[in-house]
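Student: Kindly generate the complete structure, drawing on both the sequences and the hints.
Listed below, chain by chain, are the residues.
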Amino acid sequence: MTGTPHLGLNGPLGRDNWPIAAAMINFAGSTMNGAGVQDQTAEQWARTLGQVRDAGFRHLDPTDSWLRVADLSPERRAEFAAVVEDHDLAMVSLSTARRSVVDPEHGDEYLEYSHRVLDVAAELGIGTVSFGLFRALTPEQQQALWFWTVQGAEDPDDDGVRRTAVERIRELGEHAESIGVHVSLEMYEDTYIGTADGAVSFVRDVDHPHVGLNPDLGNIVRLHRPVESWQDMVKKTVPYANYWHVKNYYRAEDATTGAVMTIPSPMEFGVINYRDAVAFAIESGYRGAFCVEHYGGDGLSVSATNRDYLRRILPAEVPA
Amino acid sequence: MTGTPHLGLNGPLGRDNWPIAAAMINFAGSTMNGAGVQDQTAEQWARTLGQVRDAGFRHLDPTDSWLRVADLSPERRAEFAAVVEDHDLAMVSLSTARRSVVDPEHGDEYLEYSHRVLDVAAELGIGTVSFGLFRALTPEQQQALWFWTVQGAEDPDDDGVRRTAVERIRELGEHAESIGVHVSLEMYEDTYIGTADGAVSFVRDVDHPHVGLNPDLGNIVRLHRPVESWQDMVKKTVPYANYWHVKNYYRAEDATTGAVMTIPSPMEFGVINYRDAVAFAIESGYRGAFCVEHYGGDGLSVSATNRDYLRRILPAEVPA
Amino acid sequence: MTGTPHLGLNGPLGRDNWPIAAAMINFAGSTMNGAGVQDQTAEQWARTLGQVRDAGFRHLDPTDSWLRVADLSPERRAEFAAVVEDHDLAMVSLSTARRSVVDPEHGDEYLEYSHRVLDVAAELGIGTVSFGLFRALTPEQQQALWFWTVQGAEDPDDDGVRRTAVERIRELGEHAESIGVHVSLEMYEDTYIGTADGAVSFVRDVDHPHVGLNPDLGNIVRLHRPVESWQDMVKKTVPYANYWHVKNYYRAEDATTGAVMTIPSPMEFGVINYRDAVAFAIESGYRGAFCVEHYGGDGLSVSATNRDYLRRILPAEVPA
Numbered sequence: 001m002t003g004t005p006h007l008g009l010n011g012p013l014g015r016d017n018w019p020i021a022a023a024m025i026n027f028a029g030s031t032m033n034g035a036g037v038q039d040q041t042a043e044q045w046a047r048t049l050g051q052v053r054d055a056g057f058r059h060l061d062p063t064d065s066w067l068r069v070a071d072l073s074p075e076r077r078a079e080f081a082a083v084v085e086d087h088d089l090a091m092v093s094l095s096t097a098r099r100s101v102v103d104p105e106h107g108d109e110y111l112e113y114s115h116r117v118l119d120v121a122a123e124l125g126i127g128t129v130s131f132g133l134f135r136a137l138t139p140e141q142q143q144a145l146w147f148w149t150v151q152g153a154e155d156p157d158d159d160g161v162r163r164t165a166v167e168r169i170r171e172l173g174e175h176a177e178s179i180g181v182h183v184s185l186e187m188y189e190d191t192y193i194g195t196a197d198g199a200v201s202f203v204r205d206v207d208h209p210h211v212g213l214n215p216d217l218g219n220i221v222r223l224h225r226p227v228e229s230w231q232d233m234v235k236k237t238v239p240y241a242n243y244w245h246v247k248n249y250y251r252a253e254d255a256t257t258g259a260v261m262t263i264p265s266p267m268e269f270g271v272i273n274y275r276d277a278v279a280f281a282i283e284s285g286y287r288g289a290f291c292v293e294h295y296g297g298d299g300l301s302v303s304a305t306n307r308d309y310l311r312r313i314l315p316a317e318v319p320a
Numbered sequence: 001m002t003g004t005p006h007l008g009l010n011g012p013l014g015r016d017n018w019p020i021a022a023a024m025i026n027f028a029g030s031t032m033n034g035a036g037v038q039d040q041t042a043e044q045w046a047r048t049l050g051q052v053r054d055a056g057f058r059h060l061d062p063t064d065s066w067l068r069v070a071d072l073s074p075e076r077r078a079e080f081a082a083v084v085e086d087h088d089l090a091m092v093s094l095s096t097a098r099r100s101v102v103d104p105e106h107g108d109e110y111l112e113y114s115h116r117v118l119d120v121a122a123e124l125g126i127g128t129v130s131f132g133l134f135r136a137l138t139p140e141q142q143q144a145l146w147f148w149t150v151q152g153a154e155d156p157d158d159d160g161v162r163r164t165a166v167e168r169i170r171e172l173g174e175h176a177e178s179i180g181v182h183v184s185l186e187m188y189e190d191t192y193i194g195t196a197d198g199a200v201s202f203v204r205d206v207d208h209p210h211v212g213l214n215p216d217l218g219n220i221v222r223l224h225r226p227v228e229s230w231q232d233m234v235k236k237t238v239p240y241a242n243y244w245h246v247k248n249y250y251r252a253e254d255a256t257t258g259a260v261m262t263i264p265s266p267m268e269f270g271v272i273n274y275r276d277a278v279a280f281a282i283e284s285g286y287r288g289a290f291c292v293e294h295y296g297g298d299g300l301s302v303s304a305t306n307r308d309y310l311r312r313i314l315p316a317e318v319p320a
Numbered sequence: 001m002t003g004t005p006h007l008g009l010n011g012p013l014g015r016d017n018w019p020i021a022a023a024m025i026n027f028a029g030s031t032m033n034g035a036g037v038q039d040q041t042a043e044q045w046a047r048t049l050g051q052v053r054d055a056g057f058r059h060l061d062p063t064d065s066w067l068r069v070a071d072l073s074p075e076r077r078a079e080f081a082a083v084v085e086d087h088d089l090a091m092v093s094l095s096t097a098r099r100s101v102v103d104p105e106h107g108d109e110y111l112e113y114s115h116r117v118l119d120v121a122a123e124l125g126i127g128t129v130s131f132g133l134f135r136a137l138t139p140e141q142q143q144a145l146w147f148w149t150v151q152g153a154e155d156p157d158d159d160g161v162r163r164t165a166v167e168r169i170r171e172l173g174e175h176a177e178s179i180g181v182h183v184s185l186e187m188y189e190d191t192y193i194g195t196a197d198g199a200v201s202f203v204r205d206v207d208h209p210h211v212g213l214n215p216d217l218g219n220i221v222r223l224h225r226p227v228e229s230w231q232d233m234v235k236k237t238v239p240y241a242n243y244w245h246v247k248n249y250y251r252a253e254d255a256t257t258g259a260v261m262t263i264p265s266p267m268e269f270g271v272i273n274y275r276d277a278v279a280f281a282i283e284s285g286y287r288g289a290f291c292v293e294h295y296g297g298d299g300l301s302v303s304a305t306n307r308d309y310l311r312r313i314l315p316a317e318v319p320a
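Residue numbers (the numbering used here), protein chains in the order written: chain R, 1 to 320; chain D, 1 to 320; chain S, 1 to 320.
Worth flagging that the hints you see were computed from the coordinates, not collected in a lab. Small disclaimer: the values here were computed from a predicted structure and weren't measured. All residues carry an ideal CB built from backbone N, CA and C; glycine is no exception. A few of these clues could be false.
From chain R, some residues computed to sit far from chain S (all C-beta separations above 10 Å) [to be verified]:
hint: 1; residue: Val83
hint: 2; residue: Tyr113
hint: 3; residue: Glu140
So the derived label-pair ranges between C-beta atoms look like this [said to hold, decoys possible]:
hint: 4; chain 1: S; residue 1: Val318; chain 2: R; residue 2: Ser30; range: 22 to 28 Å
hint: 5; chain 1: R; residue 1: Gln142; chain 2: S; residue 2: Ser284; range: 24 to 30 Å
hint: 6; chain 1: R; residue 1: Arg311; chain 2: D; residue 2: Glu228; range: 39 to 45 Å
hint: 7; chain 1: S; residue 1: Thr164; chain 2: R; residue 2: Gln44; range: 26 to 32 Å
Reference listing, derived: stretches of chain D covered by chain R, where coverage requires no fewer than 3 residues with Cβ under 8 Å from a Cβ of chain R [said to hold, decoys possible]:
hint: 8; stretch: 14 to 20
hint: 9; stretch: 149 to 156
Tutor: Structural data, given as structure tokens:
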């Protein structure tokens, strides 16, 4: 049974106060001027977070493709936390990316990193940490305009590797529980958490109350291949969700020729009906935070547009 | 000469009060939980209409793909009307879908149904009823993400069938006139009302003051094949329009290779310039209601966005 | 070194007062009723400018594909200027289109026209005039839904012609300087100003302080062929920019098959991240006006949406 992470709220949850975090995936790990974010000064971080605040956000997911908070020294981490607070931003969740605990080369290292992330999350009062089994982009993916149009790494069809993945995630869940944090597993194609059935089966095998799913439907519907219907994915995965990366895509599909083309879209306009998906999730008991994402173009502005849309369709108030 | 249906208004028509109805096509005849709308309780209807009202609508087209009002018992119909009124919504128009009066199998039945719909419209104070010659989706269309990318049923190239269609629609027009209702004919590909010329020729053959066109341009521009320019369709059909389903599509078309891809879009952003189309229609005397539609994704939210856009581009006031 | 055109402002520049002009490219040279704009009455012009004002614009680029202000008689030009003023609109820039000074047939004529445009700009208080080397659409382009999906005219790989282009543009720059106007050169595929490197090389060869670039990135990213990354184009061209046509496109690109499809998009939603591009430009010293464009569909409404987006991402205030 998936538990509910704390959101840092008092009183009833509703459209006005539901935590909706800005993902930082639209901010690269280095800027157009080439500077690395990990080594930026507090003033430079402030410039980025000032933009996030200016776009109307009150919550932030310090995604590790932008900044590895867990790899900062304690002093630098305190500096970062101060900048976040100065901008009236709160962190209720933290997402990692491309740090699979069963990465063939770096799995052990990433497991260790993942434990470190959990400790740092607890230190910073962050209730949810998102992990995934997706791996580094291949050189071909890095050169593509849209990396998801090139085949990436695939989790092997190997029971032993899958068992290791399940055990390592359970180990993270146990650690998380001991410090009051929840683990969420991001749905991502060609991993053990890459289909609705695969994701559900995986989280059931992990079988830990502090481990749930992050049903990132956008990761799937953007693929240039036949995909599961988003309705089926919602029905199957949402009952296990404890965090949710929400983003959307235009999906052109010619059912006569089989041609498929996708383009990143605002949440309101894409193929996934988030009005229905979110309503169904809340009926199913979902009380986790949201993280609005958008790849391609002005991700921060579209994320802000997504946040405003999400507030419009959330219920005025739900039972705690 | 196409007459003008009543809109239930006093005083001059303009952007603030022009009736813009929410289509209910984005609400399926059954919900994600599988319940049929026809058998829902008043409380369940209220939940749906509450969403429509929450999205800012004051007008509703109770499209029969969602709920067949004409097939409710008088008691249930009164219940439904009460829910509509409770939500401060008004019904000035009603659209039917896939009930062609020349359907090869069900034409007689659908003609009878169409007469029943007219009587119910009059009973409920609805001034316009939209009929079409398009038929049930084929199994291949039902499985497609976008049904219009698969060839559907086609009206036969048969003068006798066309003559029957004209006569049955005229019969509906006569009935409509006798009870103060107007009939609008929806443009839809591969039917006798499937091109601008075909639609105009058809409505002229019907030749009844209570029968006009519903120039649903979106039905045409979304097709993955060469299509008439929307400008030509507007110029030809709008002078006969008495109701208007408005929706829009992104249309990618490579004029070198001939490739075409379409995706549902907000009205403001798609290939049809509704600013010009609506201005031309009003100059040509159009004073009917609008029905904002959107298939795919969150249809209700996009319909609301479409409504706000339409109010922005409507004139502040037009002569009655 | 590219100079900065006057914007007609007092005090510091920022998101509230930065001139953002409506392009008139979305208004054809003739209306849906067939009337030519060049011969319209002041009342008819007023009807168009009333729409521009109603869409919230305070600045106008009287693009010559809509109206050739420089070809009006002095009396008619005064009439036009009065209509502009009546609508509380200001003109800080004027764009020409398809009047290349090295057009094989009309180059001499267009050079003369360009000089006339400069004089008229000075007369009307317009600080920036945009010229380009792109030529008339071919018949195949005119029939296409999106003209950029058909190969158009190409500047010849001929040093003599290029030298003539450089000299004629320098001649225009000298004229412009003498009357207090700046010349901006629009980036457009298959011309000498058709790639980032080509544009920079061209403007450096012109080498005149009153001649800069108009890095119209949208012209490039919409092409159905491999294109430079917008980031590279921004980095290279923006330091030479003195005016900026901004517009955006959805760009679907399958990196496995090589298929490309583009669709006009609102600035916020397309592939170019204007938040980053504009921030980089301002850091690099850009202080020119913006011209919001949109082809296809309701260009005026999308241009207004683009303007509002641009104001949101501009800094509150920059040093003069």
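Student: Does each hint hold? Answer for all of them.
Tutor: Verification of the hints:
Its beta-carbon lying about 19 Å from the closest one in chain S, Val83(R) satisfies the requirement of being farther than 10 Å from that chain. At roughly 29 Å, the least C-beta separation between Tyr113(R) and chain S is larger than 10 Å, which holds for a residue marked as non-interface. Glu140(R), annotated as away from the interface, has a beta carbon of chain S within 10 Å; the closest lies near 7 Å. Between Val318(S) and Ser30(R) the Cβ separation comes to about 24 Å, which falls inside the hinted range of 22 to 28 Å.
Look at Gln142(R) against Ser284(S): about 27 Å separates their beta carbons, and that is inside 24 to 30 Å. For the pair Arg311(R) and Glu228(D), the beta carbons lie near 41 Å from each other, so the given range of 39 to 45 Å is met. The supplied range of 26 to 32 Å is broken by Thr164(S) and Gln44(R), whose beta-carbon atoms lie about 48 Å from each other. For the stretch 14 to 20 of chain D, the assignment as covered by chain R is violated, since 0 residues bring a beta-carbon within under 8 Å of that chain's beta-carbons and 3 are needed.
Taking a C-beta to C-beta cut-off of 8 Å, the stretch 149 to 156 of chain D contributes 3 residues in contact with chain R, enough for the three needed, and the coverage statement holds.
Comparing the model with each numbered hint stated earlier shows that hints 3, 7, 8 do not hold.
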